[in-house]
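A.B. asks: Here are the chains, one letter per residue:
There are 2 protein chains.
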Amino acid sequence: MKILLYIILVTILLATSSARYGVVAQQSKVREYRIANEHRILEEFVTLLSIPNVASDHVNIRRNAALIIEMMRRRGLEPRLLEAGNSVPPAIYGEWKVPGATRTIILYAHYDGQPTDPKQWAGTMPWQPTLRSAALEAGGTILSMPKPGEKIDPEWRLYARSASDDKAGVMAILTAVDALKAQGIAPTSNVKFFFEGEEEAGSSHLGDIIRDQKLLEADAWLICDGPVHQSGLKQVVFGVRGDTNVDLTVYGAKRPLHSGHYGNWSPNPGLILAKLLSSMKDEAGRVTIAGWYDDVAPLGETERRAIEEAPHYDNELKTQLGLARTENAGKSLLELINEPSLNINGMSSGDVGALARNVIPTTASAVLDLRLVKGT
Amino acid sequence: MKILLYIILVTILLATSSARYGVVAQQSKVREYRIANEHRILEEFVTLLSIPNVASDHVNIRRNAALIIEMMRRRGLEPRLLEAGNSVPPAIYGEWKVPGATRTIILYAHYDGQPTDPKQWAGTMPWQPTLRSAALEAGGTILSMPKPGEKIDPEWRLYARSASDDKAGVMAILTAVDALKAQGIAPTSNVKFFFEGEEEAGSSHLGDIIRDQKLLEADAWLICDGPVHQSGLKQVVFGVRGDTNVDLTVYGAKRPLHSGHYGNWSPNPGLILAKLLSSMKDEAGRVTIAGWYDDVAPLGETERRAIEEAPHYDNELKTQLGLARTENAGKSLLELINEPSLNINGMSSGDVGALARNVIPTTASAVLDLRLVKGT
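Top line first, the protein sequences correspond to chains A and B. Residue 140 in the working numbering sits at position 22 of the first sequence, with consecutive numbering throughout. Residue 382 in the working numbering sits at position 264 of the second sequence, with consecutive numbering throughout.
Among the hints, a few may not be true.
The list cannot tell twin chains apart, which means a pair is met if one copy fits it or any two copies do.
[Said to hold, decoys possible] Simulated pairs of lysine to aspartate or glutamate, DMTMM-like, Cα-Cα distance not exceeding 20 Å:
| no. | residue 1 | residue 2 |
| --- | --- | --- |
| 1 | 372 | 434 |
| 2 | 436 | 361 |
| 3 | 372 | 255 |
| 4 | 265 | 235 |
| 5 | 372 | 432 |
| 6 | 269 | 150 |
| 7 | 215 | 337 |
| 8 | 393 | 426 |
| 9 | 265 | 156 |
Read the hints as simulated data drawn from the structure, not as lab findings.
Generate the whole structure from the sequences, applying the supplied hints.
C.D. replies: Have a look at this one:
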């Protein structure tokens with residue numbers, strides 16, 4: 119719930135004046151609107167969250183798109199699907215043209231979610247939205263959905279796949295439209311809407327969708343797909359890192375071998391993978407691959423000042439996350455996310471836990487994601 | 119099927135003369151007995167293999183024990199259960215006393231199997247024994263069980279959990295008893311039978327079972343739980359490595375973090391685990407943990423000669439297994455399995471494959487098994 123409302127605020131702030139007095143007055147109006155409409159907002163959001171949204175699930179991903187089209191049509195945003203083939207999740211386009219406006223902004227969010235294993239969920243299922251009295255890690259317990267008239271506590275948490283990343287973006291944008299229209303306020307810019315359906319699968323067709331459509335030209339894109347600042351403060355981020363994934367598989371013997379009869383002799387692919395991964399970063403967390411940082415475009419004076427002036431929150435965050443130390447110690451989180459990174463999303467070889475066996479496994483796999491910055 | 123017959127031979131060889139002429143004559147008698155009885159042997163074995171046998175599955179492990187008791191009773195071996203508590207898989211004891219014998223040997227096998235994930239099985243299920251025309255990796259196809267009178271090809275392969283390790287041991291020993299009795303031959307030693315039910319779970323109650331029972335005294339134990347020599351030759355192995363398991367878990371942040379927002383800053387437990395595992399062995403495969411080899415009792419002259427005189431099969435084995443190089447290159451498999459080893463049975467962090475996500479996982483785990491030799 120919190121994420122949703124912060125993003126509404128960011129949207130509205132940018133669409134109106136940023137003078138301090140005006141901002142406070144607007145915030146208060148936004149809060150009033152939210153309180154008056156929260157049951158309807160929650161209900162609509164829960165409906166959206168109930169549809170499975172993994173990009174490779176062609177049937178369900180189009181059910182999401184159809185619902186969003188319907189939600190936009192109700193708001194008069196003239197939605198249409200942007201297609202790049204039958205088996206590609208469609209993007210959704212819409213617009214709010216403002217007479218006399220000289221600028222155009224595009225509001226972006228994505229409605230697909232990362233793949234997920236329901237068995238790894240704690241207590242509830244990915245596409246059965248569930249309200250909790252607090253965050254899971256704070257011991258939040260399951261609540262029934264509030265009946266009409268019942269107060270909704272903004273500290274409650276809604277658990278479902280993409281409840282924040284990033285159906286919250288879609289919902290926040292459409293709710294902001296509702297709020298503006300209800301107040302009789304029009305934005306000062308033309309607003310276009312672009313909701314993507316395969317962001318979490320790498321946006322491999324985004325180029326095709328955009329190239330085929332002239333209608334996505336604008337003065338600025340506002341990407342509503344980011345976290346609330348860890349402190350709870352609102353933030354606008356200018357630019358994000360790109361991302362590319364690498365799948366790695368190391369092969370050992372053709373069949374699993376008994377570790378008593380072959381251990382010491384047949385190479386263990388898990389160990390080879392461990393050595394390979396270890397070689398990619400030093401103890402401090404710096405990537406050691408040759409040339410890794412060579413083509414990074416240095417930050418400009420403006421960016422450096424923005425980082426310096428942003429709230430310093432690393433210590434609080436370390437406490438929250440239970441971290442004794444961080445990678446690249448001595449640099450702040452904000453500095454570090456302006457550098458390219460190499461992360462191990464997952465790795466697997468043989469089995470651990472109850473299924474572990476005394477074998478030399480045949481393979482070991484890892485998935486990496488490489489975050490890229492300007493110049494790389 | 120091959121494993122079964124080799125172990126019968128080893129058993130019989132040891133129970134009778136080892137003069138070369140006698141051995142050949144015995145082998146021929148054994149083959150005749152097998153051909154005359156293979157349908158009955160196969161049917162009894164399939165029945166035994168059909169009962170799930172993970173040591174922690176208390177109900178089914180006792181069903182195995184009950185069936186083996188019945189199989190031994192039919193052969194006049196006076197079986198009984200050796201217990202160390204209700205929730206402990208029982209061992210099974212039996213005996214064949216020979217009037218005038220001055221020595222006693224114990225034949226050992228275990229009837230429990232390693233944990234297994236049916237999803238990882240290729241085509242057939244762990245406890246649904248299935249005959250194939252050849253090994254899976256050689257393209258073996260599923261055959262129906264042969265009808266009475268149909269010839270059984272010794273090159274067929276029977277797939278089921280523990281079809282070799284180690285219900286084959288139980289079946290081979292009991293079949294050898296049948297064969298000897300059918301020929302009117304008694305062994306020259308008293309024979310005791312000891313079938314264990316939690317070997318694959320670490321035999322943690324074996325001490326209790328043996329301490330409580332004087333009846334397990336003997337001049338020698340013959341452990342029928344080992345592989346055929348890779349060349350297909352029969353082998354008797356004097357001693358095996360011990361084994362102990364280590365579970366390792368590395369913890370990162372308390373909750374999974376978005377790799378775009380936190381990568382470079384929040385430590386990745388997969389990388390830490392990779393560095394930890396890497397540090398345990400050098401590039402050649404030698405364990406680098408301080409003192410690892412210090413207390414290894416050196417091999418004696420007899421052992422060294424046995425290793426030298428054994429068939430050298432490493433190159434053929436490398437080709438079969440598709441290995442370009444081995445650990446500790448320069449030493450043979452037989453030398454190396456006389457040294458302590460450290461093997462990664464499995465490792466896991468986050469997800470790979472279709473479920474991989476751009477996260478910094480919260481934990482990374484590995485299971486190691488340490489093979490121990492005399493002195494360690």
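A.B. asks: Does each hint fit the structure? Answer for all of them.
C.D. replies: Evaluated hints:
1. 372 - 434: between (49 Å within a copy, 14 Å between copies)
2. 436 - 361: Close neither inside one copy (25 Å) nor across copies (40 Å); limit 20 Å.
3. 372 - 255: between (43 Å within a copy, 9 Å between copies)
4. 265 - 235: The answer is neither: 31 Å in one copy and 45 Å across copies each exceed 20 Å.
5. 372 - 432: For residue 372 and residue 432, the Cα distance is within 20 Å only across copies (15 Å; inside one copy 47 Å).
6. 269 - 150: Classified as within; 13 Å inside a copy, 86 Å across copies.
7. 215 - 337: Within one copy, since 14 Å is at most 20 Å while 96 Å is not.
8. 393 - 426: neither (37 Å within a copy, 33 Å between copies)
9. 265 - 156: Within one copy only: 11 Å inside, 72 Å across.
Against the hints set out earlier in the document, violations occur for numbers 2, 4 and 8.
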